[in-house]
Amino acid sequence: MISRRKALHTGAGLAALATVGAPSILHAQTKTLKITTWGGKWGEIMKATVLPAFEKEFKCTVSADQAFPFLPKLQVSSKNDPIYDVLHTNSNEQWNAVTEGLVMDKITAKEVPNVADLYPYAVSDKIVGVTIFTSAIGLGFRTDKGLTKPTSWKDLADPKLAGSRGGYLIPVNSLGQAHLMMLGKVYGKGLTDLDAAYKALEALKPIKLVDFTGQMEKMLLSAEVSMGVIHDSGVYRYEGPNMQPVDFASPSEGVLALEQVLNVTPGSKVKELAFAYIDYMLRPDVQKMLAEAVWYSPANKKVKLEAKYDAKLLTTPEKVATLIQPDWKWYNARREDIDARVTKILKG
Amino acid sequence: MTTAARPSPIAWLIAPAALLFVLFFVLPFGVMTAMSFYSGNPVTNPNAFLTTRHYERFIFDTAGIFHEALWSTLRIGLITTVISLLIGYPLAHWMARMQSRLGHALVLMAVIAPMLTGIVVRTFAWMTILQDKGVINTTLMQWGVIEKPLPLMYNEFGTIVALVHIYVPFMVLTLTGVIGRIDERLEQAARSLGAGRLRAFVEVTLPLSLPGILAGSLLVFALSISAYVTPSLMGGTDVLTLPMLIAQQVGTSFNPNFAGALGVILLLVSLTIVVAYNRILARLAGGQGMA
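Those sequence lines, one after another, are chains A and B. Here the first sequence is numbered in this note's numbering, starting from 1 and rising by one per residue. Here the second sequence is numbered in this note's numbering, starting from 1001 and rising by one per residue.
No lab work stands behind these hints: they were computed from the structure. From the three backbone atoms N, C-alpha and C, an ideal C-beta is built for every residue, glycine too. It cannot be assumed that every hint is accurate.
[As the list claims (entries may be wrong)] From the derived model, a few chain A residues whose C-beta atoms are all more than 10 Å from chain B: (1) Gln66; (2) Tyr187; (3) Ala196; (4) Glu272; (5) Asp279; (6) Tyr280; (7) Asp310.
[Said to hold, decoys possible] Computed cross-link-like contacts, BS3-like style, restricted to lysine-lysine with a CA-CA straight-line distance of at most 30 Å: (8) B:Lys1148 - A:Lys344; (9) A:Lys344 - A:Lys301; (10) B:Lys1148 - A:Lys205; (11) A:Lys160 - B:Lys1133; (12) A:Lys218 - B:Lys1148; (13) B:Lys1133 - A:Lys41; (14) A:Lys218 - B:Lys1133; (15) A:Lys154 - B:Lys1148; (16) B:Lys1133 - A:Lys199; (17) A:Lys347 - B:Lys1148; (18) A:Lys347 - B:Lys1133; (19) A:Lys199 - B:Lys1148.
[What the hints assert, rightly or not] Footprint (simulated), chain B over chain A, 3 or more residues, beta carbon under 8 Å: (20) 72 to 82; (21) 161 to 172; (22) 203 to 211; (23) 221 to 235; (24) 331 to 345.
With the hints as constraints, model all of the structure from the sequences given.
As structure tokens, this is what we get:
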């Protein structure tokens, strides 16, 4: 027979156990969304504002990986229990991922209602997943070197710029890859005219090549290069107190799209939450906040930016029409040959 | 009646190191080697099949860049090692023979100080010195010595300069310990028997310091051929090494299988060179094995 004292002790013990265990039980019930996201200013805003607000509204926790590259990690994780629920990369990596069945093919307004308000480029046939922002790849240049503002991609080949023009190590940088395709369009029959592109690339030598855009920014800021291929946000961010003698030019042949793409992994256990996150990132207020923080052009047509951002970013159908989207599926299929060829061209 | 043999206490002491070696070298290397013989990732892709195509791709090198990358890797490694030895040996000898404890401590601090800064920071520092608008070129142009910037960066020269700066401390620290243990009286005895300073050094000190030369050289060579950050930042388009190709295959071409094959090839070639180097030094030292 259980005595009253023993019953009270047992009851108190169970109550204590419940109190101690409650947070972990609650935690077990809270869904966790695993995403990838950029670092830098973007990452700061995501961690300080965007993600906490999302967690509060959807009663979940978000685990954000900022350690690039993401795709190799996704490649080695189980397809049924992937390391990420939402993959944020540029467009060409998404094409690699979809080829291996690591991300979904398309995301429509059925899963993500805000997709209905996007510019067509954001969900075009050149996109796997959905574009949330884009940058324009054009020419950055020093304004203190007596250069006239470039109007064409051909201006980069000006002999005066020998040794002070900048580009990218094409095998490792998507801006370099996109620029190579643009050379095919400007000097040949189109984006896929590789022979014309190779010839034009040869003519750009001597050229200083870097492997990531941050390094190109530094080269422009230190005047190590006077003109180089870069995305608009990489130049516009040095405004205000950070003002530097650099500017961005959109060549008349068009600017290349550098899309920020979100996609969902097919094996995600929290797919609905993943779609809700993408929908959240496409909300006009979230788009406005991030666009004005990092100078990205929002993909949502309904976003109204402050005048100074509106003047420079791609915020109207006319401006968006200047965007050229490379066919990354086509490019990735030829990647090994292209890498070998450009390495030989640019060596020496 | 027999009793079960108990492992010696030494075995228990070695066990953590052995475990680390197995966990962080043998196991990853085994996985990498296995992956290099598959068409894809056999864990996540049921259609992945066994193949030798990654090795064939390297051996036949239709792209025309892989053999050059291997040669470039080894060339940079060898030159960096030789220069580090030439700079490091006199410094290590001086440190080892230094009588003043304070002087020794100060020089040791000077040698170690660069190691307190990250490789990326040190490489960027070299970039600000060697680039076209860097300290050297700007100064020489201001003085009217040169009209155009000297090509100090984005080539093998800049890469080797930065690598030597990074790896000389490894050479010095390895050599100092070995030279410090050589009995000075041996050199003094040689000199008292009529040998000049140079001959006493060449015939006594140098052979006795060969184990240090071997260890320091192997350390610097191994670090140089596996360097990624410095060749990437300092080499531009002129330098393409196997570690750069491996990073490219994993990070941007998303082909870990070919990256695995390149890793295995790099290790095999390096081991061959190390064994050959060991044998040559052993012969020079009078037939004794060095490692």
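Hint numbers the structure violates, sorted upward?
Result: hint 9 breaks, nothing else.
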